[in-house]
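Trainee: Sequence:
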Amino acid sequence: MASRLATRAVGAARLRPSIAPRMVPAIASLTSTRPASNLPEPKAKAQSIIDALPGNSLVSKTAILSSAAGLSIYAISNEYYVVNEETVVAFCLLSVWGALIKYGGPMYKQWAEAQNEKIKGILNAARADHTQAVKNRIENVQQMGGVVDITKALFEVSKETAKLEAQAYELEQKTALAAEAKAVLDSWVRYESQVKQRQQKELAETIIAKVKKELENPKALQQILQQSVADVERIVSSKAQ
2 MASRLATRAV GAARLRPSIA PRMVPAIASL TSTRPASNLP EPKAKAQSII DALPGNSLVS
62 KTAILSSAAG LSIYAISNEY YVVNEETVVA FCLLSVWGAL IKYGGPMYKQ WAEAQNEKIK
122 GILNAARADH TQAVKNRIEN VQQMGGVVDI TKALFEVSKE TAKLEAQAYE LEQKTALAAE
182 AKAVLDSWVR YESQVKQRQQ KELAETIIAK VKKELENPKA LQQILQQSVA DVERIVSSKA
242 Q
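Under the numbering used here, the sequence shown has 47 at position 46, and the numbering climbs by one with no breaks.
These aren't lab readings, by the way, just hints derived from the structure by calculation.
Please read these numbers as outputs of a predicted model, since none were measured by experiment.
Some hints could be false.
The calculated DSS-like cross-link candidates involving lysine-lysine, where the alpha carbons are at most 30 Å apart (straight line), are [what the hints assert, rightly or not]:
no.: 1; residue 1: Lys153; residue 2: Lys136
no.: 2; residue 1: Lys110; residue 2: Lys121
no.: 3; residue 1: Lys202; residue 2: Lys213
no.: 4; residue 1: Lys160; residue 2: Lys136
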C-alpha cells in the first residue's frame, strides 16, 4: 500500500514540473510587489502560532510541537504516510475551516450577542409591561376599597325597600278585600231593596185588587156611600159651629 502511494506521488510529481517553474516567478513578483507594511511581524506571528497550540505552558506546547514534528518525520521517512493529493485537500480544508473559525467566529459572536440583547430587551419590556399592568390592577383594586361599605348600604336599602314593598302589598290586599266585601254588601243591599220593592208592589196590587173586588159589591158601595155622607155632614156641622 505504501509503495502504491509512493508511485502515485512520483507520477504526480512528474506531471507537475512544467507548472512549478512558471508559478515561482509569479509568486516572487507577488511577494516583491506586496507592501511591507501589510506583513505581520515575525514575533507576533510566532506568538500567535504558539498560542494556537494546545497546552498551558511554553514547555508543554514545545513538547507537543516536537512530538508532532517527530511523528510526522518518522511516518513520512518510513512511508507510513505519503503526502499526496488527499493530504493537500485535507490541509486546504483545515485551512478554510480554520479561517472561517478565526474570522467568522467574532462575527457570529457579535450576531449572537446582538440577538441575545434583542431577546433580553423583549423580555425586559414584557416584564415591565406586566409589572405596570399589575400596578394598574392594584390601583384599581385600591380605588374599589369602599365597595364593601357601599354594598352594605345598598343591602340595607334593599332590605328597607323589600319591607316597604311587603307593606304595600299587604295594604293592597287589604284594600282589595275591603273593596270585594263592599261589593258583596252592595249587592246584598240592592237585592234587599229589590225584594222590598217587589213585596210592596205585590202588596199594593193585592190591596188594589181587594178594593176593586169590594167595590163590585153593592152592599159595600152602599156602606161606603153612607160613611161618606156621614163624614160630609160631620164636617159641615163642625164648620157651622
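Trainee: It remains to establish, for every hint, whether it holds in the given structure.
Mentor: Checked hints:
Simply put, Lys153 and Lys136 have alpha-carbon atoms about 28 Å apart, close enough for the 30 Å limit, and the pair holds. A distance of roughly 16 Å separates the Cα atoms of Lys110 and Lys121; the hinted pair therefore holds under the 30 Å criterion. Distance hint between Lys202 and Lys213 is fulfilled; the C-alpha atoms sit about 16 Å from each other, no more than 30 Å. Proximity of Lys160 to Lys136 is assessed by CA-CA distance (about 37 Å); at most 30 Å being required, the pair is judged violated.
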